[in-house]
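Residue numbers (UniProt numbering), protein chains in the order written: chain S, 1 to 405; chain Y, 1 to 113.
Take the hints with a grain of salt, since some may be wrong.
Derived, one-sided and incomplete: chain S residues facing chain Y with beta-carbon distance under 8 Å [unchecked claim]:
{"#": "1", "residue": "Ala-114"}
{"#": "2", "residue": "Ala-161"}
{"#": "3", "residue": "Gly-162"}
{"#": "4", "residue": "Ala-170"}
{"#": "5", "residue": "Leu-172"}
Examples of chain Y residues lying across from chain S (beta carbon under 8 Å, computed) [unchecked claim]:
{"#": "6", "residue": "Met-1"}
{"#": "7", "residue": "Gly-38"}
{"#": "8", "residue": "Glu-61"}
{"#": "9", "residue": "Asn-86"}
{"#": "10", "residue": "Leu-87"}
Far from chain Y, some chain S residues (derived; all Cβ distances over 12 Å) [what the hints assert, rightly or not]:
{"#": "11", "residue": "Gly-137"}
{"#": "12", "residue": "Glu-144"}
{"#": "13", "residue": "Ser-160"}
{"#": "14", "residue": "Leu-177"}
{"#": "15", "residue": "Val-215"}
{"#": "16", "residue": "Leu-244"}
{"#": "17", "residue": "Gly-283"}
{"#": "18", "residue": "Thr-318"}
{"#": "19", "residue": "Val-324"}
{"#": "20", "residue": "Leu-345"}
{"#": "21", "residue": "Leu-368"}
{"#": "22", "residue": "Arg-371"}
{"#": "23", "residue": "Asp-388"}
These are computed hints drawn from the structure, not numbers from a lab. The C-beta atom is built at its ideal place from N, Cα and C for all residues, glycine as well.
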Amino acid sequence: MEAVEAAFRAEWGRVVATLIRVTNDWDLAEECASEAFAQALQVWARDGIPRVPGAWLTTVARNRALDRLRRAATEAKKLSEVATLLPDEPEVDDDESGVPDDRLRLMFTCCHPALRLEARVALTLRTLAGLTTAEIGRAFVVPEPTMAKRLVRAKHKIRSAGIPYRVPPAHLLPDRLTGVLAVLYLLFNEGYAASSGADLVRRNLCAEAIRLGRVLAGLMPDDAEVLALLALLLLQDSRRTARLDTTGDLVTLEDQDRSSWDQDEITAGLELLAVAKRRGPRGFYLLQAEIASCHARATTAAETDWKRIALLYDELYTGAPSEVIGLNRAVAVAMAHGPAEGLALLDGLDLPGYHLLPAIRADLLARLGRREEAEANYREALEFVGTDAERRFLTRRLVSLLETG
Amino acid sequence: MEYLLLIYIDETLEHTPEEAAQIDQATQEWDKRMIERGLLKQAQRLSLSSAATTVRVRQDEVLLSDGPFAEAKEQLAGFVVLDVANLDEALEAVADDPLARIGSIEVRPYWSE
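Sequences are here, hints too, so could you generate the full structure?
Here it is in structure tokens:
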């Protein structure tokens, strides 16, 4: 039933978050939320969709949790705890004004720095997005039982280590917020360019990252990096359909049909970016969003302002000198100032097992007419490539290189 | 919640007498702040790990070995018991601990069912 599915997307995180606050039991919260959605399938088909689906789901899930707790509560102490849970629980959060809402608290709990980064992403996907353990396992390329164990361990640590269910006080916020933003960024990237598997784009992960980004931006409308990250995600996502051709093969930015870019997302992304730039400072996500906006504004590939992009990458690389950013910087410099200058920047990079480094080197070498070296680099890239679509793309490039010779 | 803070410090670190006095004073000031906030239950510095004896009993045989449980660069140098609301409060206190600047502090909650 479509209404239940829409409600699931929109309300799962809120329902689970509310139940965790009420029961302080993560497993119970998830089970009761699942049961409420199952019940919605039956009841909504019979009685129609309730006026406020989120409130309906929260109430049903909460009553189930209270029933279960009541049945389990044999000791007087437990019973009195349950009794105090009964009255006065608000039906739903005040969506407009309730700044630290349950979902935000849950996001900060999942993204606590005492948890491994991978556990943060996995927990966020599980509790806020309702992804199954199998789906999360696929995103991380680990078997389902392994991922199940990691999730259990993470939830156990939250309970036993005393990780609080709250938005941290202001002085701890920058550190925690960095983690939250990183989780949304990684989540989107995993969806946008899956690291393995048959599909290059995993749409539901991108959609979830954008949805959570909107929640965060709604709650922290003055934070430049929060707005910039959402802008970046929207600008990237606007190109989603153009990135693959009808057979599912990768289409490079240069060859994409720009008329199929999602103009609504571009407009929303550019507006958010403009607000973020007024707020400042020029952080990691703001610079990336600016780069994405350069692409979004170019009506043809030839009009792309590569000189500005190269400057932005310089600034980004100075602030966050990671190998992957160095790689992107080299590409931008090659586009702005020629393949030889880009190639020189690749020399200092060390990315063992990462297919894009030899793939990009191969492309620049081919443009410089150094065919044999280009061929060797394409072959190296093919050794490490993880998705079928990218494998086909690299193979095509290699074949055309061999044919032109 | 009660947390045990296990303070590990590289025993080979050399401090001048002034540095040592500075660390001592900073540590005492930290203890005092924790006491004022009502968080500090206990704090104890330990003798060097060379003074440790490790005991195991296997098949009713008592096996003693000279030295700490693990031969590592950083050794247990002391411990603190804090009674705080949650992990964040414990971590905040630890981040402020001068010993965290020269060593590593493991934060472990007491066992609870």
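Do the hints match the structure? See the list:
1. Look at S:Ala-114: its Cβ gets to within about 6 Å of chain Y, closer than 8 Å, so that hint holds up.
2. Hint status for S:Ala-161 relative to chain Y: holds, with the closest Cβ pair at about 5 Å, below 8 Å.
3. Of the supplied interface hints, the one on S:Gly-162 holds, with its beta-carbon coming within about 4 Å of a beta-carbon of chain Y, less than 8 Å.
4. Interface restraint check for S:Ala-170: the shortest CB-CB distance to chain Y comes to about 13 Å, outside 8 Å, so the restraint is violated.
5. At about 7 Å, the closest approach between the beta carbon of S:Leu-172 and any beta carbon in chain Y falls short of 8 Å, and the interface hint on this residue holds.
6. For Y:Met-1, the interface hint holds, the least distance from its beta-carbon to any beta-carbon of chain S being 5 Å, beneath 8 Å.
7. A cut of 8 Å between beta carbons decides the hint on Y:Gly-38: the least distance to chain S is about 17 Å, and the hint is violated.
8. Given hint, Y:Glu-61 at the interface with chain S, is violated; its Cβ is 35 Å from that chain's nearest Cβ, farther than 8 Å.
9. Satisfaction of the interface hint for Y:Asn-86 is found here, the shortest Cβ-Cβ separation to chain S being roughly 4 Å, below the 8 Å cut-off.
10. This hint holds: Y:Leu-87 has a C-beta 4 Å from the nearest C-beta of chain S, less than the 8 Å allowed.
11. In this structure S:Gly-137 is separated from chain Y by more than 12 Å, as the shortest Cβ-Cβ distance comes to about 27 Å.
12. Every beta carbon of chain Y lies more than 12 Å from that of S:Glu-144, the smallest distance being close to 29 Å; the non-interface claim holds.
13. The Cβ of S:Ser-160 sits about 6 Å from the closest Cβ of chain Y, inside the 12 Å cut-off, so the non-interface label is violated.
14. A cut-off of 12 Å between C-beta atoms confirms that S:Leu-177 is not in contact with chain Y; the least separation is 14 Å.
15. Under the 12 Å C-beta cut-off, the non-interface status given to S:Val-215 relative to chain Y holds; the minimum distance is some 22 Å.
16. Non-interface call for S:Leu-244 relative to chain Y: holds, since the shortest CB-CB distance, roughly 44 Å, exceeds 12 Å.
17. Every beta carbon of chain Y lies more than 12 Å from that of S:Gly-283, the smallest distance being close to 23 Å; the non-interface claim holds.
18. Against chain Y, the non-interface label of S:Thr-318 holds: every CB pair exceeds 12 Å, the least being about 28 Å.
19. No Cβ of chain Y approaches the Cβ of S:Val-324 within 12 Å, the least distance being about 30 Å, so the stated non-interface status holds.
20. For S:Leu-345, the condition that its CB be more than 12 Å from all CB atoms of chain Y holds, with the nearest at approximately 37 Å.
21. Distance check for S:Leu-368 against chain Y: the nearest CB is about 49 Å away, which clears 12 Å, and the non-interface claim stands.
22. A cut-off of 12 Å between C-beta atoms confirms that S:Arg-371 is not in contact with chain Y; the least separation is 52 Å.
23. No beta-carbon of chain Y is positioned within 12 Å of the beta-carbon of S:Asp-388; the least distance is around 43 Å.
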